[in-house]
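*Asks:* Residues per chain are reported as follows:
2 protein chains.
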Amino acid sequence: MNRRLGKASVKPEAPIYILESASIVGTKEGQGPLGLLFDQVGEDDMFGCNTWEEAESSLQKKAVGLALDKAGLKAEDISFLFAGDLLGQSIATSFGISSYQIPLFGVYGACSTCGESLALGAMSIAGGLADKVVCVTSSHFASAEKEFRFPLEYGNQRPLSATWTVTGSGAFVLGGEPSWIGKKARACITGITVGKIVDYGLKDSMNMGACMAPAAADTLAAHFEDFAVSPEEYDKIITGDLGKVGQKVLIDLLRDKGYDISGQHMDCGIEIFDGDTQDTHAGGSGCGCSAVTLSAYILRQLQKRNWKKVLFMPTGALLSKTSFNEGMSVPGIAHGLVLETVS
Amino acid sequence: MNRRLGKASVKPEAPIYILESASIVGTKEGQGPLGLLFDQVGEDDMFGCNTWEEAESSLQKKAVGLALDKAGLKAEDISFLFAGDLLGQSIATSFGISSYQIPLFGVYGACSTCGESLALGAMSIAGGLADKVVCVTSSHFASAEKEFRFPLEYGNQRPLSATWTVTGSGAFVLGGEPSWIGKKARACITGITVGKIVDYGLKDSMNMGACMAPAAADTLAAHFEDFAVSPEEYDKIITGDLGKVGQKVLIDLLRDKGYDISGQHMDCGIEIFDGDTQDTHAGGSGCGCSAVTLSAYILRQLQKRNWKKVLFMPTGALLSKTSFNEGMSVPGIAHGLVLETVS
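Quick mapping for you: the protein sequence lines, in order, are chains U and D.
Reminder that position 263 of the first sequence reads as 1634 in our numbering, one-by-one numbering, no gaps.
Reminder that position 57 of the second sequence reads as 1428 in our numbering, one-by-one numbering, no gaps.
Keep in mind that the hints are not guaranteed to be accurate.
Copies of the same chain are indistinguishable here, so a pair counts whether it falls within one copy or spans any two.
Using 25 Å as the maximum straight-line C-alpha spacing, the simulated DSS-like pairs for lysine-lysine come out as follows [stated by the list, open to error]:
1. Lys1679 / Lys1441
2. Lys1503 / Lys1378
3. Lys1517 / Lys1574
4. Lys1378 / Lys1433
5. Lys1382 / Lys1503
6. Lys1382 / Lys1679
7. Lys1619 / Lys1555
8. Lys1517 / Lys1692
9. Lys1679 / Lys1607
10. Lys1445 / Lys1378
To be clear, the hints were calculated from the coordinates, so they are not data collected in a lab.
In this text the structure is predicted, and so the values were computed from the model without any measurement.
All chains should be built: construct the whole structure from the sequences, respecting the hints.
*Replies:* So, in structure tokens, the structure goes:
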């Protein structure tokens, strides 16, 4: 039986498998430290489209298509699609994945959306309500800057605490135990901790790492408590896009709660760019950041058994340009998934 | 066992109960035909707040609080919150429900979000992954006009095909069979059909009924096929906010598919306002429209056994001001729920 653990967690009766996945990124991500690991790198960031938003839509479409191809599946084999992005009214999703004609649950958790979509997808399979699902999220540097800050043409300055929105999309095909012969799943999901909104009142949209760190600390503490584990349980504890500033805040906040994750912590936003040479300041961010890093790097490490068990926890900053301009704070949210190697 | 039916539907093994619900609306909705049925009607549409967005947030907060009170439950009793709204990055939700500190799944399906949240909430309970959940959605006329069209101060003209975004929020407490004595649930959910994006290429954001009708027809046809039922199975087939224009299109499109729903069809957007005297043109719309009509009117009819089985299907128009200004179409989506009286 599926079990609820503590206040915020779920343990599926049987593991949910990440059967296949795909990642597609922009040029800057392709030049970064993980560049060679991505399935596709665009020649330029328009991806043959007329607008940044269309370009982001095309990323989702390609990532889903590639993940299905790699899994040897067709759109008809998929029960539900769980999808989202950062743009107002999730238009990258609406215009990206409609051609697959898969019943859709649109989700929004800012940059935590990759975690949210995987959690809901895994839960629907665990509950016997879906056979296979696809979870996809995306972000695009240019569409995000326009949506949240200023159009690129404005040429605004960015403080060192700012992060660089990743141009990319990651798609994941989830299912029960794979029945086909000779092909192993990439990893499996064995636990879920669902985050709640945590708002420390910070208002700086150019320092989202600090805004999100309290939510990451809250979900991590809930996870350790609900599953009765310590940080040492995991080879890596991986946040989505806290960046260098947020990482420090997270480690400090968790020390106050009695947990030391300094030995295990890794942040997708710190991994994806070389901050010294790529001028990305505190690191990468966006729905796409954790999604493409999961697909290209984290799942690879699990498959190679370099890591056996990790906690993957995308982090989201819940702001809009309207809320920012009205002087509201930037609350955070983070959803955690336990990922294990397939034995 | 929970069963998947056909390509898009789910039948939970046991009914999922709508234990309680609450509705709160603005002044104009309070003056409409359903005015006396809502739990709370605001004295003015600012609800004591400084901005329209804050006002919408306060609606979600009050609706959730009231639904919990009516159910005799506390926030700690709730496993997950499924919540969303129409604003960019769902800020009405982020700033509305954070004080409850319930693990949150943010969802986005435009005005279909009420259906999406109920579907996911019911699925999580059916799968044994949640005990009780709360589903909440909202919309606000002034924040939506600013988000999608023009600020109210601009005083723009509205064509007769336009709908009037409902100011209101509806919250629903779902759970398994109620164990307390002497209190019946308001209704139960016995089937779910998940919609996919349907895009006929229409581009008129002032005629969203026509944009959404193809999606409504698609989900309805999928539902009839998946459950092997005809429209006569239902006392009412209730769409969210097609309005008068969309209603005609839906009935015509379904006739082409071999289904006649003209005897059963009802639209929350048509019910909530008196088009002749309230100057609301084609009808009401918004996430809040279907949510408050469900809570105040539809569930009441089911409890009174005036209706025994209805299909409740909120409809969403997937546009943003960016996609509209870039000349994109307005795709639609609709999610259906079978609601029955509690015996």
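*Asks:* Quick one: Lys1619 to Lys1555, C-alpha cut-off 25 Å, is that within a copy, between copies, both, or neither?
*Replies:* Result: close neither inside a copy nor across copies, 37 Å intra and 51 Å inter.
*Asks:* Which holds for Lys1503 with Lys1378 at a C-alpha limit of 25 Å: within a copy, between copies, both or neither?
*Replies:* between (27 Å within a copy, 12 Å between copies)
*Asks:* How do Lys1679 and Lys1441 come out at 25 Å by Cα distance, when the copy is not named: within, between, both, or neither?
*Replies:* Answer is within: at 23 Å inside a copy they meet the 25 Å cutoff, but 47 Å across does not.
*Asks:* At 25 Å max between alpha carbons, let me know whether Lys1517 reaches Lys1574 within a copy, between copies, both or neither.
*Replies:* Cα proximity of Lys1517 and Lys1574: in one copy and across copies (19 Å, 23 Å).
*Asks:* My question is about Lys1382 and Lys1503: at a cut-off of 25 Å on alpha-carbon distance, are they close within one copy, between copies, both, or neither?
*Replies:* both (18 Å within a copy, 17 Å between copies)
*Asks:* Reference check for the pair Lys1517 and Lys1692, CA-CA at most 25 Å: within, between, both, or neither?
*Replies:* both (10 Å within a copy, 13 Å between copies)
*Asks:* Is it within a copy, between copies, both, or neither that the alpha carbon of Lys1679 lies no farther than 25 Å from that of Lys1607?
*Replies:* This pair counts as within: shortest intra-copy Cα distance 9 Å, inter-copy 53 Å.
*Asks:* Between the shortest in-copy and the shortest cross-copy C-alpha distance, which are at most 25 Å for Lys1382 and Lys1679: within, between, both, or neither?
*Replies:* For Lys1382 and Lys1679, only the intra-copy Cα distance (18 Å) is at most 25 Å; the inter-copy one is 37 Å.
*Asks:* How would you label the pair Lys1445, Lys1378 (within, between, both, or neither) given a Cα cut-off of 25 Å?
*Replies:* This pair counts as between: shortest inter-copy Cα distance 13 Å, intra-copy 37 Å.
*Asks:* Treating 25 Å as the Cα threshold, decide for Lys1378 and Lys1433: within, between, both or neither.
*Replies:* between (37 Å within a copy, 23 Å between copies)
Hint violations for this structure: number 7 only, all remaining hints satisfied.
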